[in-house]
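Participant: One-letter residues, chain by chain:
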Amino acid sequence: MGIVTMPKMGDTMEEGTIVVWRVKEGDRVKEGDVIAEIETEKAAIEIEAFESGVLNRIIVKEGQTVPVGEPIAEIGGSGAPTVPQAAPPKSEPAPPAKESATAPLPSPSVPTEHGERLKASPLARKIARESNVDLTSVRGTGPGGRIVKDDVMIHVTPAPSATPSVPVTTPAPAPTTATGAVWTVGPAPSRVRQVIARRLAESKQTVPHFYLTISVDMKAAMELRAQLNGRGEGFRKLSPNDLIIKAVADTLRAQAAMRVSWKDDSIYTTERVNVGVAVALPEGLIVPVVRDADTKSLSVIADEVAALAAKARDGKLLPDDYAGGTFTVSNLGMFGIEDFSAIINPPEPGILAVGAVSEVPVIEDGYTAIGTRMKMTISGDHRAIDGAVGAQFLQEVKRRLENPLLLVE
Amino acid sequence: MAVIQYREALREAMREEMERDDRVCLMGEEVGGYNGAYRISEGLMDQFGRMRVLDTPIAEEGFTGMALGAAMVGLRPIVEYMTWNFSLVAFDMIINHIAKVRYMSDGQFTAPMVLRGPQGGGQQLTAQHSQCVEAWYIHCPGLYVVTAATPADAKGLLKTCIRNDNPIIFLEHLGLYNLKGEVPEGPDFTIPLGVADIRKQGTDVTILSYSKMIHSAVQAAELLERDEISAEVIDLRSLRPLDLDAILASVRKTHRVVIATEAWQDSGFSRELSGLIYQHAFDEMDAPIEEVTGAPVPMPYAKNLEAMTIPNAETIADAARRTLARSGEFAPITRLV
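Protein chains in written order, with the working numbering: chain Z, 586 to 994; chain S, 63 to 399.
The following block holds chain Z by itself, in its conformation from the complex (with noise of 0.2 Å):
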């Protein structure tokens, strides 16, 4: 007999929505047993049975978000739930003895399915009608579980000027113009998607962004690369992107000046030299994190980033997998763009942004000649750090790169 409860993934985890149970009412489980996926901020979870039962009642329906420790099924043997009910409901204020013309009808009360009355503020029930929200699906968080105006605003489908909610799971109608309409709106966005719209906008609107430009050499880096890779069976292949993490990470460790963040008028600083690497999903940008990549060899951040990425597209990175970043490598070399500036992920104090490894005409002694080259921009917090020191950083990361025995020492 056990109560399955929202489990917490990660130190910053606060709530969790249910996507969908894989299991209904009555269904025997077995322990281990997936019964549900679950959505945080960052990732979505499979959850397992704890125990061998019936899953009896599931009492957080699909696509409700509760906060971490609420009750969200129950396993028993078989037999009644034993889920504890709502506090009895207090007795509510006398109703108006008569009505004025232009006061509006007060709802029927709506019975839960275990007979008792549903407890909501008036306003509650209001909006609730208006808004063709269904209270047996809100959950409420007043006094007593009543159910006030913040519960159902989460279920309205916001209007354009409305505050942010969770939206609902069918899209809308198109909306249709004089001309007809040229953008339909879509499912509803994931929960990655809507992390990244809410911080990457709010990166954008508070942090000071500068940028600085920078072309490397890449010659000595990519043959040392080549000659790695020609050790045969048995070693991870490198990408060039592993070099420079790790010479990101080894100019992290050298340059204090580039540890430090913003936030809240202070600045903290770190020891931690914890590289964040910006992968891409069809469902979103994530960034997990090689942590202490000063202390890594190439190999072993390669062999991390291969793993971390793997995890990523499978969907199953953990909190503690993209928290903790000191600073983010963002490449997108692989499709060629020549160079580009990212934006940065708070608290960081930066984000570097590496472009493609390609043939150049450069000047060598008064001559033109064919260079390799690769253009890095770095994205600085101003507040946190100075164009100087952003600039400190470029050089030390290109020294680095090439000369890149450094990389390996």
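You may find that some hints are simply not true.
Claimed, not checked - Only pairs whose alpha carbons sit at most 35 Å apart, straight line, appear in this in silico DSBU-like list of lysine-lysine:
| # | chain 1 | residue 1 | chain 2 | residue 2 |
| --- | --- | --- | --- | --- |
| 1 | S | K315 | Z | K646 |
| 2 | S | K365 | S | K262 |
| 3 | Z | K789 | Z | K609 |
| 4 | S | K262 | Z | K848 |
| 5 | Z | K789 | S | K315 |
| 6 | Z | K896 | Z | K593 |
| 7 | Z | K646 | Z | K609 |
| 8 | S | K262 | S | K242 |
| 9 | Z | K896 | Z | K804 |
Treat the hints as calculated values from the structure; they're not laboratory data. Note that the coordinates shown come from a computational prediction; the quantities given were computed from them, not determined experimentally.
Position chain S relative to chain Z; hints supplied.
Facilitator: Below, chain S alone, put in the same frame as chain Z:
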């Protein structure tokens, strides 16, 4: 704009109206020769003489009836009660005669008079001298009931009441007489009845109050600001006629209400306001209305006990927090009664 005491504002109102209209006169205990038990009427007997400023014996029923008689034959008397507790001696005159004479005489007689004086406690005047009377007088059709919490309101409202042809209960407070404030100058400054004063705009909760308690309500709003709760504070001023529109407009904005009164709760004006709000704005309520009122006991003498029976900024702020509390949260209760 002059800065004067509440008592001076009342005095100026009476003086200006007596200068403006010969029919206005003042009567009460110690209002003349003694220059007023609380110096409200200081100098008025010197200026207007014994026929317009009357010292009465300690006989509330008698001089209240006398004032009504004067009003019925054309004068416009102001009756001062040393405290409103003593009006209970004249209760029959007020309820059965002053309130009803226009109706019962089909308008042949009217009672254009103002009954004024201090009510409320906090001065260790104990049980029989610390009561709030608004509930008893609002209950009776035929009487207007007005309060003033600042010198400006005292002057503007008292002048309006003296010019009004209805019998009006004008409720002051001993704790306000020394209060200084800006008062517009000039003999034509009046404030209309039935208009509340929005002392502070807010969005999360509406705090309704009047008379001395409004100052505690404003302080409560400041306490709530520190917790990022935005309270709207409304001084009702005239209780009848009541500015219901202002109240409902605020409720439609905040959806939560706290009512703070010094008076008792049972059948009190706070319950009246609650009833009106539930009746007219039921669908706007996101939480039950919180009432913070005088404790249901005769006012104690001991200073510490007296303080416990009267709402203050902390208890009012706690009531506001209760309207915003969520399930499982600690809902502050600081009242001992």
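Participant: All hints are to be evaluated individually against the structure, with a verdict given for each.
Facilitator: Hints versus structure:
Of the supplied pair hints, the one linking S/K315 and Z/K646 holds, its CA atoms being roughly 32 Å apart against a limit of 35 Å. Between S/K365 and S/K262 the CA atoms are separated by roughly 31 Å; this keeps the pair inside 35 Å, and the hint holds. At most 35 Å may separate the alpha-carbon atoms for a hinted pair to count; Z/K789 and Z/K609 exceed this at roughly 44 Å. For the proposed pair S/K262 and Z/K848, the alpha carbon gap of about 33 Å is at most 35 Å, so the pair holds.
Between Z/K789 and S/K315, the direct Cα distance comes to roughly 33 Å. Compliance with the 35 Å bound is thereby established for this hinted pair. A threshold of 35 Å between alpha carbons decides the hint, and for Z/K896 with Z/K593 the separation of about 19 Å falls inside it, so the pair holds. Taken as a hint, the Z/K646 and Z/K609 pair is honoured in the structure, with Cα atoms around 11 Å apart against an allowance of 35 Å. Among the hinted pairs, S/K262 with S/K242 is consistent with the structure: their alpha-carbon atoms are about 19 Å apart, no more than 35 Å.
With a C-alpha separation of about 32 Å, the suggested pair Z/K896 and Z/K804 falls inside the 35 Å cut-off, and the hint holds.
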